[in-house]
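Number of protein chains: 4
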Amino acid sequence: MHGYTGDKDAYLKRLRRIEGQVRGLQRMVENDEYCIDVLTQISAATKALQAVSLGLLDEHLKHCVAQAAAEGGQVADEKIAEASAAIGRLVRS
Amino acid sequence: MHGYTGDKDAYLKRLRRIEGQVRGLQRMVENDEYCIDVLTQISAATKALQAVSLGLLDEHLKHCVAQAAAEGGQVADEKIAEASAAIGRLVRS
Amino acid sequence: MHGYTGDKDAYLKRLRRIEGQVRGLQRMVENDEYCIDVLTQISAATKALQAVSLGLLDEHLKHCVAQAAAEGGQVADEKIAEASAAIGRLVRS
Amino acid sequence: MHGYTGDKDAYLKRLRRIEGQVRGLQRMVENDEYCIDVLTQISAATKALQAVSLGLLDEHLKHCVAQAAAEGGQVADEKIAEASAAIGRLVRS
Chain A
1 MHGYTGDKDA YLKRLRRIEG QVRGLQRMVE NDEYCIDVLT QISAATKALQ AVSLGLLDEH
61 LKHCVAQAAA EGGQVADEKI AEASAAIGRL VRS
Chain B
1 MHGYTGDKDA YLKRLRRIEG QVRGLQRMVE NDEYCIDVLT QISAATKALQ AVSLGLLDEH
61 LKHCVAQAAA EGGQVADEKI AEASAAIGRL VRS
Chain C
1 MHGYTGDKDA YLKRLRRIEG QVRGLQRMVE NDEYCIDVLT QISAATKALQ AVSLGLLDEH
61 LKHCVAQAAA EGGQVADEKI AEASAAIGRL VRS
Chain D
1 MHGYTGDKDA YLKRLRRIEG QVRGLQRMVE NDEYCIDVLT QISAATKALQ AVSLGLLDEH
61 LKHCVAQAAA EGGQVADEKI AEASAAIGRL VRS
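Residue numbers (UniProt numbering), protein chains in the order written: chain A, 1 to 93; chain B, 1 to 93; chain C, 1 to 93; chain D, 1 to 93.
Just so you know, these hints were derived from the structure itself, not from any lab.
In this text the structure is predicted, and so the values were computed from the model without any measurement.
It is possible that part of the hints are untrue.
Think about it this way: if two alpha-carbon atoms lie no more than 20 Å apart in a straight line, the pair counts; the simulated SDA-like pairs of lysine to any residue are [as the list claims (entries may be wrong)]: (1) Lys47(D) to Arg17(C); (2) Lys62(D) to Gly6(D); (3) Lys13(C) to Glu71(D); (4) Lys62(A) to Glu19(B); (5) Lys62(A) to Asp77(C); (6) Lys8(A) to Gln41(B); (7) Lys62(A) to His63(B); (8) Lys62(B) to Lys47(A); (9) Lys47(A) to Gly55(B).
Computed beta-carbon distance windows for the label pairs [stated by the list, open to error]: (10) Thr5(A) to Ala70(B): 32 to 38 Å; (11) Ala51(B) to Asp37(C): 20 to 26 Å; (12) Ala81(C) to Gln74(A): 22 to 28 Å.
Just a few of them, taken from the derived set where beta-carbon distance is under 10 Å, the chain D residues facing chain B [as the list claims (entries may be wrong)]: (13) Arg17; (14) Glu19; (15) Gly20; (16) Arg23; (17) Gly24; (18) Ile36; (19) Thr40; (20) Ala44; (21) Ala48; (22) Gln50; (23) Leu54; (24) Ala81; (25) Leu90.
Glycine included, every Cβ here is placed at the ideal spot set by N, Cα and C.
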């Protein structure tokens, strides 16, 4: 049971659509489509992945982190340090 | 024939690996894996897509844009404006 | 009193260094320095600002958000929604 | 003489405004303003720096790179490799 479990189907649907976008990119490259058009589609896939990340992170803060914070102590500190590290990776990727 | 045509197989291989990463993300969500682990894998897929973008853009500059610039005139201006717009989308995505 | 208050002097020092970097950029442009060198320095300033953001956000989660989460209820929900929105702006900027 | 020389005054004006934004950030931290408000202002400064980068890069492609491409040979290859590296730094920062 995690923060995103309630929205699992919605997340799976979004990830399947992103898988379709990546397969579409392969078709574009196979058909020698114009570089700039391929780049535009990669930006779309990257944004879609980023939106999934932001959604998962929001659920994570709302559930796992909020619950740990309510309990307090070392678990709370660890959960927050872990979330901050994930935010850093997200910002830099 | 485009800038990336010579490396087409390498690009297809990278895109197939990214497709595998996105399918792996679906399995992680299906198995209720820990949010932070899912986020780490999304960052990896996003970085891989970004690296493909940077590679394609480099080929595009080396071939399409360089050739247009050598011809000069309006075609050169348009190709450079188009490349700048693509770079902007890439930076903001 | 906010999450970063304890590290206020350190944050001010970092922001003053970034101010110096931006003034350095002005000198580079005034002296017609090479575009690529200016771009490299802008990337350095942008990364420094981003690092300040990630630091402030970490403090914010550790203090304001953790405290609100411990209290629970609507305040907790609002603080987390607000933090998620700030993370989204950070990721997209 | 570089690509941006013609717009030098406009770039200096934008960089002075960004310097003002960074000084504004220092005032906010000094006055213990709310973390989320500081983060919003940092995002604004980061976006302004990024826009300067994209502008300089566009000028660089239009002038330095286009001219090198027209000359061809090793200089053209080097200028394009250098621009690609700068784009990579920009995307990752």
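We went through each hint and held it up to the structure:
1. Lys47(D) to Arg17(C): Since the Cα atoms of Lys47(D) and Arg17(C) sit roughly 19 Å apart, the hinted pair holds (cutoff 20 Å).
2. Lys62(D) to Gly6(D): The hint holds at about 12 Å.
3. Lys13(C) to Glu71(D): violated, 47 Å
4. Lys62(A) to Glu19(B): Given pair Lys62(A), Glu19(B) is violated - Cα atoms ~30 Å apart, limit 20 Å.
5. Lys62(A) to Asp77(C): The given pair, whose Cα atoms are some 7 Å apart, holds under the 20 Å limit.
6. Lys8(A) to Gln41(B): Satisfied, since the Cα-Cα distance of roughly 17 Å is no more than 20 Å.
7. Lys62(A) to His63(B): violated, 49 Å
8. Lys62(B) to Lys47(A): violated, 26 Å
9. Lys47(A) to Gly55(B): holds, 18 Å
10. Thr5(A) to Ala70(B): 32 to 38 Å: violated, 57 Å
11. Ala51(B) to Asp37(C): 20 to 26 Å: holds, 25 Å
12. Ala81(C) to Gln74(A): 22 to 28 Å: For Ala81(C) and Gln74(A) the Cβ distance comes to about 26 Å; the hint holds.
13. Arg17: Constraint on Arg17(D) not satisfied, violated at 20 Å.
14. Glu19: Result: violated, 22 Å to nearest chain B Cβ.
15. Gly20: violated, 23 Å
16. Arg23: Interface hint status for Arg23(D): violated (25 Å vs cutoff 10 Å).
17. Gly24: violated, 23 Å
18. Ile36: With Cβ-Cβ at 22 Å, over 10 Å, it is violated.
19. Thr40: violated, 17 Å
20. Ala44: Check failed: Cβ of Ala44(D) comes no nearer than 14 Å to chain B, outside 10 Å.
21. Ala48: violated, 13 Å
22. Gln50: For Gln50(D), the interface hint holds, since the closest Cβ of chain B sits about 6 Å away, which is under 10 Å.
23. Leu54: With Cβ-Cβ at 5 Å, under 10 Å, it holds.
24. Ala81: holds, 8 Å
25. Leu90: It holds, given that the least Cβ distance between Leu90(D) and chain B is near 6 Å, below 10 Å.
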